[in-house]
Amino acid sequence: MKKNRRNDPRPKPLKRQRDVLCDVMLSAGACETWLTLVELSRVTRYGEASISAQLRHLRKPQYGAFVVEKRQREAAEILCGVEHGPVWEYRLSHAVRLAVVSATEPRNDDSPGTAVVVC
Numbered sequence: 001m002k003k004n005r006r007n008d009p010r011p012k013p014l015k016r017q018r019d020v021l022c023d024v025m026l027s028a029g030a031c032e033t034w035l036t037l038v039e040l041s042r043v044t045r046y047g048e049a050s051i052s053a054q055l056r057h058l059r060k061p062q063y064g065a066f067v068v069e070k071r072q073r074e075a076a077e078i079l080c081g082v083e084h085g086p087v088w089e090y091r092l093s094h095a096v097r098l099a100v101v102s103a104t105e106p107r108n109d110d111s112p113g114t115a116v117v118v119c
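Following the numbering used here from start to finish, the sequence shown increments by one per residue and tops out at 119.
What the hints contain is simulated information worked out from the structure, not anything from laboratory work.
Do not rely on the hints blindly, as some may be mistaken.
[As the list claims (entries may be wrong)] List of simulated lysine-lysine pairs, DSSO-like, C-alpha gap at most 30 Å:
1) 70 <-> 60
2) 12 <-> 60
3) 70 <-> 12
All chains should be modelled from the sequences, with the hints used to inform the complete structure.
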């Protein structure tokens, strides 16, 4: 018996939340823009808590070992005339791994040490 073949191509799998957030953050980083969780939430339509969790995941080696920088925004947002504390903004960048060789230790080409340098 012959198998039926699909005439229509299979739909592309949806991007994961982490991938969407990574794309947005890298695009913003290319423009040297810092984004808050509120701004990321408006762009991606994901909740602020899950965005924060995904930013933590992006630091892990299995998800790219990105460098997530965090700083306090100078002009904090004031809502309804009441200040709600500091506003944090984030930027994502790639980490560059370089081989580091110690002058005191014999060089072993099988397992050189590595250091992370942010470009």
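Against the structure, the hints:
1. 70 <-> 60: holds (16 Å)
2. 12 <-> 60: Holds. Residue 12 to residue 60 sits at ~26 Å (cutoff 30 Å).
3. 70 <-> 12: Violated - the C-alpha atoms of residue 12 and residue 70 are around 34 Å apart, more than 30 Å.
In this structure, only the earlier hint numbered 3 is contradicted, and the remaining ones agree with it.
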